[in-house]
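Trainee: Throw the hints in and build the complete structure from the sequences for me.
There are 2 protein chains.
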Amino acid sequence: MNIIKKQSGAAFKLFKGQKLKVIDPEGMQVSDMVLFNANDIGEKLSSGKTLDFEETILITTNHHLWSNRGSQMMRIIMDTNGRNDFLLAPCSPETFKIMYNIHDYHPSCFENLYTSLAPYGIKPDDIPTAFNIFMNVQFGQDGKLKVLPPLSQKGDYILFEAKMDLIVALTACSAEDSNGGTFKPIHFEILDEMV
Amino acid sequence: MNIIKKQSGAAFKLFKGQKLKVIDPEGMQVSDMVLFNANDIGEKLSSGKTLDFEETILITTNHHLWSNRGSQMMRIIMDTNGRNDFLLAPCSPETFKIMYNIHDYHPSCFENLYTSLAPYGIKPDDIPTAFNIFMNVQFGQDGKLKVLPPLSQKGDYILFEAKMDLIVALTACSAEDSNGGTFKPIHFEILDEMV
Numbered sequence: 003m004n005i006i007k008k009q010s011g012a013a014f015k016l017f018k019g020q021k022l023k024v025i026d027p028e029g030m031q032v033s034d035m036v037l038f039n040a041n042d043i044g045e046k047l048s049s050g051k052t053l054d055f056e057e058t059i060l061i062t063t064n065h066h067l068w069s070n071r072g073s074q075m076m077r078i079i080m081d082t083n084g085r086n087d088f089l090l091a092p093c094s095p096e097t098f099k100i101m102y103n104i105h106d107y108h109p110s111c112f113e114n115l116y117t118s119l120a121p122y123g124i125k126p127d128d129i130p131t132a133f134n135i136f137m138n139v140q141f142g143q144d145g146k147l148k149v150l151p152p153l154s155q156k157g158d159y160i161l162f163e164a165k166m167d168l169i170v171a172l173t174a175c176s177a178e179d180s181n182g183g184t185f186k187p188i189h190f191e192i193l194d195e196m197v
Numbered sequence: 003m004n005i006i007k008k009q010s011g012a013a014f015k016l017f018k019g020q021k022l023k024v025i026d027p028e029g030m031q032v033s034d035m036v037l038f039n040a041n042d043i044g045e046k047l048s049s050g051k052t053l054d055f056e057e058t059i060l061i062t063t064n065h066h067l068w069s070n071r072g073s074q075m076m077r078i079i080m081d082t083n084g085r086n087d088f089l090l091a092p093c094s095p096e097t098f099k100i101m102y103n104i105h106d107y108h109p110s111c112f113e114n115l116y117t118s119l120a121p122y123g124i125k126p127d128d129i130p131t132a133f134n135i136f137m138n139v140q141f142g143q144d145g146k147l148k149v150l151p152p153l154s155q156k157g158d159y160i161l162f163e164a165k166m167d168l169i170v171a172l173t174a175c176s177a178e179d180s181n182g183g184t185f186k187p188i189h190f191e192i193l194d195e196m197v
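Chains A and B supply the protein sequences, listed in that same order.
The first sequence lines up with residues 3 to 197 when you count with this note's numbering.
The second sequence lines up with residues 3 to 197 when you count with this note's numbering.
Rather than coming from a laboratory, the hints here were simulated on the basis of the structure.
The reader is advised that the hints may include incorrect statements.
Unchecked claim - Straight-line distance between alpha carbons at most 27 Å, and here's what the computed DSSO-like set of lysine-lysine pairs gives:
#1 A:Lys99 with B:Lys18
#2 A:Lys148 with B:Lys148
#3 A:Lys18 with B:Lys99
#4 B:Lys15 with A:Lys125
#5 B:Lys146 with A:Lys146
#6 B:Lys125 with A:Lys146
#7 A:Lys165 with B:Lys18
#8 B:Lys125 with A:Lys15
#9 B:Lys21 with B:Lys165
#10 B:Lys148 with A:Lys146
#11 A:Lys165 with B:Lys165
#12 B:Lys125 with A:Lys125
#13 A:Lys146 with B:Lys15
#14 A:Lys23 with B:Lys148
#15 B:Lys23 with A:Lys148
Said to hold, decoys possible - Facing chain A, according to a computed beta carbon distance under 7 Å, are these residues of chain B, among others:
#16 His65
#17 Gly72
#18 Thr131
#19 Gly145
#20 Leu161
To be verified - Covered stretches of chain B, as calculated for chain A (at least 3 residues, CB under 8 Å):
#21 50-58
#22 84-98
These figures come from a predicted structure and were not determined experimentally.
Glycine is no exception: its CB is placed at the ideal position from the N, C-alpha and C atoms.
Mentor: Structure follows, in structure tokens:
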């Protein structure tokens with residue numbers, strides 16, 4: 003079991019066929035995830051391709067995460083909570099300035115993603131819109147978006163299968179409104195055997 | 003008046019303060035638009051940042067289009083139709099294979115964007131999710147997405163103001179379902195004076 007401490011991040015390789023289990027150990031904690039093709043980092047996770055090819059805003063069990071080149075990167079095998087977001091960008095210094103009026107330093111998923119990914123040659127401008135695991139963004143017919151506390155409870159998890167060799171980055175999200183006002187860790191496991 | 007012929011594209015510079023009018027001259031025709039900072043092409047249009055900071059899926063009059071670095075790229079001054087999409091990726095060869103089962107060559111917004119942008123040093127992998135002007139993507143509370151014919155009528159337009167020096171690429175969209183089954187041109191004007 004790997005632990006991502008509150009308001010931090012991690013990056014690692016996940017090979018084709020391996021499985022990744024991302025767990026909310028305490029409940030009500032978001033994890034932003036981005037993906038890159040481990041053999042060619044110009045290919046990366048795309049919200050636009052995923053929403054297009056899956057024909058839904060709400061990505062969960064049996065959906066695939068797709069790349070900017072139109073390839074499947076991961077399949078979601080199981081999602082015990084069932085509410086994730088793929089609309090909103092990772093929280094960043096600009097998020098805290100513009101949405102929270104916080105002008106001093108504040109940890110952010112954007113910083114935690116690009117610093118974790120730097121050893122792989124990935125730069126801040128390369129970070130795409132993340133798949134925001136456990137994030138509860140509600141929308142109405144008028145299109146208005148509301149960020150509410152996650153519905154995930156202690157032990158909820160999402161299990162992915164890699165469809166290509168991947169570089170994966172995960173965070174324990176740093177935005178107050180996205181996490182019910184408190185910051186908790188995220189756990190993850192890499193599984194080689196069939197599950 | 004500049005004309006983008008059916009199933010083609012164009013790219014050009016738009017300087018800070020200049021205005022861009024994108025017109026549907028016959029009605030029911032989508033135009034995909036992407037933006038880059040003309041002085042640093044690592045900065046580009048971001049659907050995730052725009053939906054986040056504008057707090058809505060439906061981007062129209064008085065909203066801004068934001069970059070991956072959290073800066074305003076354009077403001078929408080006027081939108082006579084009022085329905086645009088910022089969820090779905092530009093149609094691409096993979097779109098026609100996966101969504102239409104067309105395996106032969108088919109023109110696509112993705113190809114028209116990257117070939118138009120090639121003279122500016124922009125590569126296919128750099129193309130972000132486009133702002134899909136006049137595109138009518140409906141969504142329900144269950145998240146399911148439906149691409150319907152555009153609601154735009156002959157002469158409908160959207161007027162943008164550049165908030166930084168930009169490289170703009172526009173298409174006349176090539177996907178059957180997005181354009182009511184027929185392909186039409188798109189017109190655009192660049193305006194220097196106050197409008």
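Trainee: Next step is simple, just say for each hint if it's right about the structure.
Mentor: Hint-by-hint comparison with the structure:
Between Lys99 (chain A) and Lys18 (chain B) the alpha-carbon distance is near 23 Å, which keeps this suggested pair within the 27 Å criterion. Simply put, Lys148 (chain A) and Lys148 (chain B) have alpha-carbon atoms about 22 Å apart, close enough for the 27 Å limit, and the pair holds. Between Lys18 (chain A) and Lys99 (chain B) the alpha-carbon distance is near 23 Å, which keeps this suggested pair within the 27 Å criterion. Using a Cα cut-off of 27 Å, the hinted pair Lys15 (chain B) and Lys125 (chain A) holds, with the two alpha carbons roughly 26 Å apart.
Of the pairs offered as hints, the one joining Lys146 (chain B) and Lys146 (chain A) holds, with about 16 Å between alpha carbons and a cut-off of 27 Å not exceeded. A distance of roughly 33 Å separates the Cα atoms of Lys125 (chain B) and Lys146 (chain A); the hinted pair therefore is violated under the 27 Å criterion. Between Lys165 (chain A) and Lys18 (chain B), the direct Cα distance comes to roughly 43 Å. Violation of the 27 Å bound is thereby established for this hinted pair. With a C-alpha separation of about 26 Å, the suggested pairing of Lys125 (chain B) with Lys15 (chain A) holds against the 27 Å cut-off.
Between Lys21 (chain B) and Lys165 (chain B), the direct Cα distance comes to roughly 10 Å. Compliance with the 27 Å bound is thereby established for this hinted pair. Restraint check: the Cα-Cα separation between Lys148 (chain B) and Lys146 (chain A) comes to about 18 Å, which is no more than 27 Å; the hinted pair holds. Simply put, Lys165 (chain A) and Lys165 (chain B) have alpha-carbon atoms about 40 Å apart, too far for the 27 Å limit, and the pair is violated. Distance hint between Lys125 (chain B) and Lys125 (chain A) is fulfilled; the C-alpha atoms sit about 16 Å from each other, no more than 27 Å.
For the hint linking Lys146 (chain A) to Lys15 (chain B), the alpha-carbon distance of about 32 Å lies beyond 27 Å, and the restraint is violated. With a CA separation close to 31 Å, the supplied pair Lys23 (chain A) and Lys148 (chain B) exceeds the 27 Å bound. For the suggested pair Lys23 (chain B) and Lys148 (chain A), the alpha carbons sit about 31 Å apart, so the restraint of at most 27 Å is broken. At its closest, the beta carbon of His65 (chain B) sits 11 Å from a beta carbon of chain A; the interface hint therefore is violated under the 7 Å criterion.
Taking 7 Å as the C-beta cut-off, the interface hint given for Gly72 (chain B) holds, the closest approach to chain A being about 3 Å. Annotation: Thr131 (chain B) was flagged as interfacial toward chain A, and the flag holds, the nearest CB pair being 3 Å apart, inside 7 Å. A hinted interface residue such as Gly145 (chain B) counts as satisfied when its beta carbon comes closer than 7 Å to some beta carbon of chain A; here the least separation is about 3 Å, so the hint holds. For Leu161 (chain B), the shortest C-beta to C-beta distance to chain A is roughly 20 Å, which exceeds 7 Å, and the interface hint is violated.
By the rule of at least three residues with a Cβ nearer than 8 Å to a Cβ of chain A, the coverage given for the segment 50-58 of chain B holds, with 7 such residues. For the segment 84-98 of chain B, the stated coverage by chain A is satisfied: 8 residues place a CB nearer than 8 Å to a CB of that chain, which reaches the threshold of 3.
Of the hints listed earlier, those the structure fails to meet are numbers 6, 7, 11, 13, 14, 15, 16, 20, in rising order.
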